[in-house]
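Colleague: Sequence:
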Amino acid sequence: MLLPPMEYLFNDIDHEALKSLLGKLSKEDDEFCKNKAEELYKQQNIDMAIYSIGSALVKNPKRIQTFQTYYKAYVVHKIAYKVNNWYAVLGIQDLTAGFDDINKQYNRLASAIRSCPSVAAESALRLVNAAWEVLSQPKIREAYDKQLFSSTEFLEMISRGRLMELEAILEPSTIADLYSTIASLIKESDSNTAKLIKESEERQLSSFRAKLSKIREEMKVGDRPAKKSTEDNSGTSKQKNDKVYEEDLNGEILCKLVEKSDVQGDDASNWKMENNDDAHKHSSDPMTDALADSKMIEDVDKQTILNETELKEINKCVDLCIEEIVQ
1 MLLPPMEYLF
11 NDIDHEALKS
21 LLGKLSKEDD
31 EFCKNKAEEL
41 YKQQNIDMAI
51 YSIGSALVKN
61 PKRIQTFQTY
71 YKAYVVHKIA
81 YKVNNWYAVL
91 GIQDLTAGFD
101 DINKQYNRLA
111 SAIRSCPSVA
121 AESALRLVNA
131 AWEVLSQPKI
141 REAYDKQLFS
151 STEFLEMISR
161 GRLMELEAIL
171 EPSTIADLYS
181 TIASLIKESD
191 SNTAKLIKES
201 EERQLSSFRA
211 KLSKIREEMK
221 VGDRPAKKST
231 EDNSGTSKQK
241 NDKVYEEDLN
251 GEILCKLVEK
261 SDVQGDDASN
271 WKMENNDDAH
281 KHSSDPMTDA
291 LADSKMIEDV
301 DKQTILNETE
311 LKEINKCVDL
321 CIEEIVQ
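Counting from 1, one number per residue, gives the positions in the sequence shown under the UniProt record's numbering.
In short, the hints are calculated from the structure, not lab data. The structure displayed is predicted, hence computed values, not measured ones. Fair warning: there could be bad hints in the mix.
Stated by the list, open to error - Here are the simulated distance ranges between beta carbons:
#, residue 1, residue 2, range
1, Ile140, Glu199, 33 to 43 angstroms
2, Ser150, Tyr81, 18 to 28 angstroms
3, Ser213, Asn103, 31 to 41 angstroms
4, Leu95, Lys214, 49 to 59 angstroms
5, Ile140, Tyr81, 15 to 25 angstroms
6, Lys104, Ile140, 15 to 25 angstroms
7, Asp29, Gln93, 32 to 42 angstroms
8, Tyr144, Ser115, 23 to 33 angstroms
9, Lys214, Pro61, 39 to 49 angstroms
10, Arg63, Lys42, 18 to 28 angstroms
11, Ala17, Gln93, 26 to 36 angstroms
12, Ser111, Tyr144, 39 to 49 angstroms
As the list claims (entries may be wrong) - Straight-line distance between alpha carbons at most 25 angstroms, and here's what the computed SDA-like set of lysine to any residue pairs gives:
#, residue 1, residue 2
13, Lys59, Ser115
14, Lys82, Ile102
15, Lys27, Lys82
We put the beta carbon where it would ideally sit given N, CA and C, even for glycine.
Kindly produce the complete structure, drawing on both the sequences and the hints.
Modeller: Spelled out as structure tokens, the structure:
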């Protein structure tokens, strides 16, 4: 079962009052529209607050990252007040959505609202967290669904939403157009943000590889420490020493890389790279450490796709550099 699109929530507002507001805002800049939205929200006029921040967003798309957080916080309040539905609060239209989809939507929405400086943000986040508590736990969600689907209010909402959706198609309005414009801008912004993150990851990886190449050039064969064996000079002993040496060399390069790397966030995403002590623990036994490093190299070698976590944590980035060494 699908919820009707959220546009239908705005079909019952005072159109005359909205037209009057938009007429006044048309002469003002985006900052004025944002402040007006906050003022209207404090007056509990959520509908007008939504369209005021929407006007700010349309006037200055360059500030979309900020304005869309206000917009999302206001809409959460609008939905919670109008339909009292936890799926709708999270912006989930498919009532059969799986846990992963719900988790992804929750994280996206909660992250946006946490960064929002609006007076509506704190209470909006409480609503989002409440929705997550219900929908993230199978037994609680199952009980909620049974209650929801048998609710007369819910069935009326579905019917009313479908009717209003049909009316909007037959008689499109400038108000509906404005909502669609706002939604499109936010969707485009989310897409562009994802693209910038991907480009940032690629630049960071390229930077690590360049530093690795430089360190390789600095390390000369003549600097190798002599290897002594307590065993005889048989072929087996020589192979064992060579293997231990190779693992030690990898560790030496790794240490130099960590010492020399001055890791900074990319301008597009300003990532903060931090060491994770639990991610790479060493024992007091060099041989144990060498074997652990070899296992780490083997695990990394099996990976074919970089994810955000690998590039946020410096240890994962260093693992990628180790992979370059053994190739």
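Colleague: For every hint, state whether the structure bears it out.
Modeller: Do the hints match the structure? See the list:
1. Remark: the range hint 33 to 43 angstroms for Ile140 to Glu199 is upheld by a beta-carbon distance near 40 angstroms.
2. In this structure, Ser150 and Tyr81 meet the distance hint of 18 to 28 angstroms, their C-beta atoms being roughly 22 angstroms apart.
3. In this structure the supplied range 31 to 41 angstroms holds for Ser213 paired with Asn103, their Cβ-Cβ distance being about 40 angstroms.
4. Distance hint check for Leu95 and Lys214: the Cβ-Cβ separation is about 55 angstroms, which falls inside the suggested range of 49 to 59 angstroms.
5. Evaluation of the 15 to 25 angstroms hint for Ile140 and Tyr81 yields a pass: the beta carbon distance comes to about 23 angstroms.
6. Taking the beta carbon of each, Lys104 and Ile140 are about 19 angstroms apart, inside 15 to 25 angstroms as hinted.
7. Restraint check, Asp29 to Gln93: a C-beta distance of roughly 34 angstroms satisfies the suggested window 32 to 42 angstroms.
8. Here the CB-CB span from Tyr144 to Ser115 is close to 29 angstroms, well matched to the stated 23 to 33 angstroms.
9. Taking 39 to 49 angstroms as the suggested C-beta distance range, the pair Lys214 and Pro61 conforms, at roughly 41 angstroms.
10. In this structure the hint that Arg63 and Lys42 lie 18 to 28 angstroms apart at CB holds, the actual value being about 21 angstroms.
11. The beta-carbon spacing between Ala17 and Gln93, approximately 28 angstroms, falls within the hinted interval of 26 to 36 angstroms.
12. Against the hinted window of 39 to 49 angstroms, the Cβ-Cβ separation of Ser111 and Tyr144 comes to about 24 angstroms, which falls outside the hint.
13. Between Lys59 and Ser115, the direct Cα distance comes to roughly 21 angstroms. Compliance with the 25 angstroms bound is thereby established for this hinted pair.
14. A distance of roughly 21 angstroms separates the Cα atoms of Lys82 and Ile102; the hinted pair therefore holds under the 25 angstroms criterion.
15. Proximity of Lys27 to Lys82 is assessed by CA-CA distance (about 31 angstroms); at most 25 angstroms being required, the pair is judged violated.
Consistency with the previously given hints fails for numbers 12 and 15, ordered from lowest to highest.
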